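**Student:** Residue numbers (my numbering), protein chains in the order written: chain G, 1 to 136; chain H, 1 to 117; chain D, 1 to 768.
A few of these clues could be false.
To be verified - Label pairs and their calculated CB-CB ranges:
(1) G/LEU31 / D/GLY753: 45 to 51 angstroms
(2) H/VAL4 / D/LEU170: 49 to 55 angstroms
(3) H/GLY52 / G/ILE5: 34 to 40 angstroms
(4) D/LEU575 / G/ILE5: 55 to 61 angstroms
(5) G/VAL72 / D/GLY753: 15 to 21 angstroms
(6) D/THR679 / G/THR60: 20 to 26 angstroms
(7) H/SER53 / D/TYR578: 56 to 62 angstroms
(8) D/THR605 / G/VAL22: 36 to 42 angstroms
(9) D/LYS102 / G/THR60: 36 to 42 angstroms
(10) G/VAL22 / D/TYR578: 50 to 56 angstroms
(11) D/ILE606 / H/GLY52: 36 to 42 angstroms
Unchecked claim - Lysine-lysine pairs mimicking DSS-like chemistry, simulated, CA-CA at most 25 angstroms apart:
(12) D/LYS524 / H/LYS96
(13) D/LYS521 / D/LYS442
(14) D/LYS759 / H/LYS103
(15) H/LYS100 / D/LYS759
(16) D/LYS441 / D/LYS524
(17) D/LYS759 / G/LYS59
(18) D/LYS156 / D/LYS102
(19) D/LYS521 / D/LYS99
(20) D/LYS99 / D/LYS547
(21) D/LYS759 / D/LYS678
(22) D/LYS102 / D/LYS441
Unchecked claim - Covered stretches of chain H, as calculated for chain D (at least 3 residues, CB under 8 angstroms):
(23) 19-33
(24) 73-85
(25) 90-98
Just so you know, these hints were derived from the structure itself, not from any lab. Remember, it's a predicted structure, so these values are computed and weren't measured experimentally. Don't be surprised by glycine CBs; every beta carbon is placed ideally from N, CA and C.
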Amino acid sequence: MRTIILKTASAYLLPVLLLFSVFILLRGHYLPGGGFVGGLMASIAFVLHAFANGLSNTKTLIRFHPGFLMPVGLALAFLSGMAPLMFDLPFMTGLWYPEAIPVIGSLGSALFFDIGVYLVVIGVTLTIIFTIADTI
Amino acid sequence: MEIVLAIMIGILYAAGIYMILRRSLVKLILGIIILGNGANLLIFLLGRITKGSPPIIPGDLKVFEAAYADPIPQALILTAIVISFGLQSFAIILIKRAYKVVKTDDLDEMNAIDQDS
Amino acid sequence: MLIAILLGFLFSLLLVFTGKFFKGKPGIISAAIPLVLFGYFLQFIPEISAGGTIVHSYSWVPSFGVNLDFTLDGLSLLFSLMITGIGFLVFVYTAAYLKNHKYLDRFYGYLSMFMAAMLGLVLSDNLITLFVFWELTSISSFFLIGFNNSNPESRKSAITALAITGLGGLSLLAGALVLGSVGGSYSIDELMNSSGEIAASPYYILIAILIFGAAFTKSAQFPFHFWLPGAMKAPTPVSTYLHSATMVKAGIYLLMRMTPVLGNQEFWNSTLIIVGSITMVYAAIHTLFRTDLKGILAYSTISALGILVFLIGQGTEAALLAAAVFIVVHALYKATLFLVTGIIDHQTLSRDVTILRGLRKVMLPVAIAGFLAAISSAGIPPTIGFLGKELTYESTLALVGTPLLWIALILITKILLLHAGFVAGISPFIGQLPERFEKTKKPGILLWGPPIILSVAGIVFGVFPGIIEGSLIKPVVAAMGQDAGDQHLQLWHGFNTVLWLSVATIVIGTVLYFTIKPSQKLVKMVTRVEYISPESIISGFWSLFNKFSSLWTRIFQNGYLRNYVSTILVFLIGLTGYVLYNTANFSMDFSTLSEITVYEIVVVTILLIAVFFVVFTRSRLAAVASMGVMGLAICLIFVFYSAPDLAMTQFSIDTLTVILFVLVLYRLPRYLKLSDYKTRIRDGVLALSFGSIITILILEVLAQPVNMEISEYYAQNAYLLAHGKNVVNVILVDFRGSDTFMEISVLAIAAIGVFGLLKLRLKKTDQR
Chain G
1 MRTIILKTAS AYLLPVLLLF SVFILLRGHY LPGGGFVGGL MASIAFVLHA FANGLSNTKT
61 LIRFHPGFLM PVGLALAFLS GMAPLMFDLP FMTGLWYPEA IPVIGSLGSA LFFDIGVYLV
121 VIGVTLTIIF TIADTI
Chain H
1 MEIVLAIMIG ILYAAGIYMI LRRSLVKLIL GIIILGNGAN LLIFLLGRIT KGSPPIIPGD
61 LKVFEAAYAD PIPQALILTA IVISFGLQSF AIILIKRAYK VVKTDDLDEM NAIDQDS
Chain D
1 MLIAILLGFL FSLLLVFTGK FFKGKPGIIS AAIPLVLFGY FLQFIPEISA GGTIVHSYSW
61 VPSFGVNLDF TLDGLSLLFS LMITGIGFLV FVYTAAYLKN HKYLDRFYGY LSMFMAAMLG
121 LVLSDNLITL FVFWELTSIS SFFLIGFNNS NPESRKSAIT ALAITGLGGL SLLAGALVLG
181 SVGGSYSIDE LMNSSGEIAA SPYYILIAIL IFGAAFTKSA QFPFHFWLPG AMKAPTPVST
241 YLHSATMVKA GIYLLMRMTP VLGNQEFWNS TLIIVGSITM VYAAIHTLFR TDLKGILAYS
301 TISALGILVF LIGQGTEAAL LAAAVFIVVH ALYKATLFLV TGIIDHQTLS RDVTILRGLR
361 KVMLPVAIAG FLAAISSAGI PPTIGFLGKE LTYESTLALV GTPLLWIALI LITKILLLHA
421 GFVAGISPFI GQLPERFEKT KKPGILLWGP PIILSVAGIV FGVFPGIIEG SLIKPVVAAM
481 GQDAGDQHLQ LWHGFNTVLW LSVATIVIGT VLYFTIKPSQ KLVKMVTRVE YISPESIISG
541 FWSLFNKFSS LWTRIFQNGY LRNYVSTILV FLIGLTGYVL YNTANFSMDF STLSEITVYE
601 IVVVTILLIA VFFVVFTRSR LAAVASMGVM GLAICLIFVF YSAPDLAMTQ FSIDTLTVIL
661 FVLVLYRLPR YLKLSDYKTR IRDGVLALSF GSIITILILE VLAQPVNMEI SEYYAQNAYL
721 LAHGKNVVNV ILVDFRGSDT FMEISVLAIA AIGVFGLLKL RLKKTDQR
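Given the sequences, and given the hints that come with them, work out the whole structure.
**Tutor:** Put into structure tokens, the structure is as follows:
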């Protein structure tokens, strides 16, 4: 499957797809999208890159094992749920920054939770696919 | 259309069950996937289907004014789809691993080996 | 008070990590814990004897009415002091008894766990917490009986004990739940106020039976008594502590605790009197047929427990006073006798009464302790045992109905118990010392100290009953709702019937001791009728039960996945089909349905063709490709019906699944047909009928009106509360955020599982 065309294309596709996945993630609160879909898109981007350039190249590109994204994402989601406790509010209460921010809209703890989901999904998908591709 | 979808879901269930009842390991996984899809559609259909009005509050409104599709089944199914991916990959690897150890893809033979040791 | 209870648990937890330090000599340090607790409980005596109760409440699951309420009244104080006081002596004794045992730390861990659980049991005011502690005592007893886990006999006894007491625990839980729902509270204190309503309720008999089930199993009443002799497989300190002084009295405690709630009813009193008297006589007769010292003591313990149940059943003020005194009496002398037996066993390695003689020459202090305990058990003045016996006779004489029968039974029991006490406490020490025991080593003070303390206490309390009368005994009676104000404990009552009964007991018992000697012949006699004992009947029942369950397992759990699936499906089809047949109306309002359009039909057709291919193709690649097509068709269905999020997710997952399959495809087994034609037809019929049931079910549900309340709440508040407009996403990350968090955790676990399965190296032995 390693064709020149795909290889060349994937070099440009990877950043574009990743940007797109972040876009999907951030707009999730207002329009279709969110952490799950965004995470899956990002994983597909990496898998495409792996198909075109070989797994080892993709691995050197990421630099660290994708499995590390899982605890990072889980911790982020958990902390965003814990944050309200500092203000004497129950676990997982939504906190909101009063001013709206362009593109993202309102900024709140739910967004960080969604980013956590995004990271976990990337971590899980890439761990599964890379492990399988590695050992077979 | 609901009736057509209901029949289709019934067929998905039947196909899934039939595959699960086979002795081949790969068919077992495919059966589980089909059954999972059938279940997702079942939940989706039971939440009633609505055309052309996704559960997204339009433009500058703050609450819905027109009809909208039920968001709860959608949220349920969304997580179910992602979870089922985890389940599928785990099942695939488990079967691959079992195949490597016992060198058979016949569930019955696998059972016999299990009892021997 | 919570800390007092938790101390034992904390110590046993500490031992897990620092166990090494407590092996060998330093083990004795652990005795500080019961000693401190004993001191702690002693300080409450003035307040309790003045009629006060101390209540500490900590809420645990308030929404279910389950609280950690601890109440210290006369009854719990007596038990707490017994638990910690005898506990202290046993902890000290153990340090010498198991000095070089390699699991001494483990033993202390179990022992202090037991102590803490037992304290929790007697201090709980809440029935549910009482149940939790009750089970904890059963579990620690299980570990302690099976402490010599290399011995199959110990393991078997441990399991029997756990099974019997565990059964009682379930009965207690059921009883507590029924009692709680009838009385409207789980607090024993509050239940006392509604005892009238409880007695009038139609569930009264059920509650009483369930509570009896708990108490009779724990306190080894006939016909559940047989686990206790088996429990003597445990090291002697355990027999002393759990199986004579404290744990087996938990059932007695429960009955006493429940007396103000459930007592004073015909059913309650007569059941207790009958069961108690059967147990006391049956077990007392059994003591004649044992030659093992611990066996004799086990049966005499059962008999004593029977006397206690008998007394509680009488329910009068005099009887409850007698019971309270007898608890103290029994704890003191029986613990002494057990400790003495333990010393004999430890030094001579024998417990056979037919060969043990003249040991006073090698262990005089032990002989003194044994003698004092024996006369206390015999009820010879001036011991406290005499007081206990007098009170027992007195209350039984006052019994209405047929006192002559009960007097005769209790007289027989007391005579036989006197005999048993003499055999265990005196006979090993008198007579000529056999040659084989001449070189027996003298026991250290750690061994003989505890029994001396206990037996001397028996004499002191007997001579000066005032020490315990006001401080311990009367508050117990008061806690059971009776007033024992004008009763006084004293040795001399004047010449009356009670005194003559006492004299008769002592005379006949002593004569019996000199005429009947324990011998192997008597043991053989009793084994001949063993097959009608409750123990063999129940073990027969158990083996029958085992056979039945293995038969059942062989039929339904045969290890073939498709048989399981088929069984479940047939059952499901039958049940759902039956209900649908009876209730469904098979009518549909077609006007509410959405219209059929061409592109929808096309997508559905594609999907069905794909499914058909997956099922019937012979090529793996074709099957995987069809799976992909099926996923895309579902994705389109989501697009049609206003679910853009689902469509996006389904699309991505479908892509990834196909990639996954392609990666492993050629490593997977071939895609062969393994089943024959007949099986396939059968499975096809099963699958199709299940599919039709699902379709009918969907149509039935669609004909019902839908409840949108929750959805509307989310939809209306998505922007107002959660500042989001995509309701699906808002539900996922905000309204149901904790669910999503759990879900991503599950995903992470699946990934770790895959990683582990693949990176795991196979051992050579696993490879075929």
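**Student:** Would you pick out the hints that fail for this structure and give their numbers low to high?
**Tutor:** When the structure is compared with the hints, numbers 1, 6, 7, 9, 11, 12, 13, 16, 19, 20 and 21 turn out to be violated.
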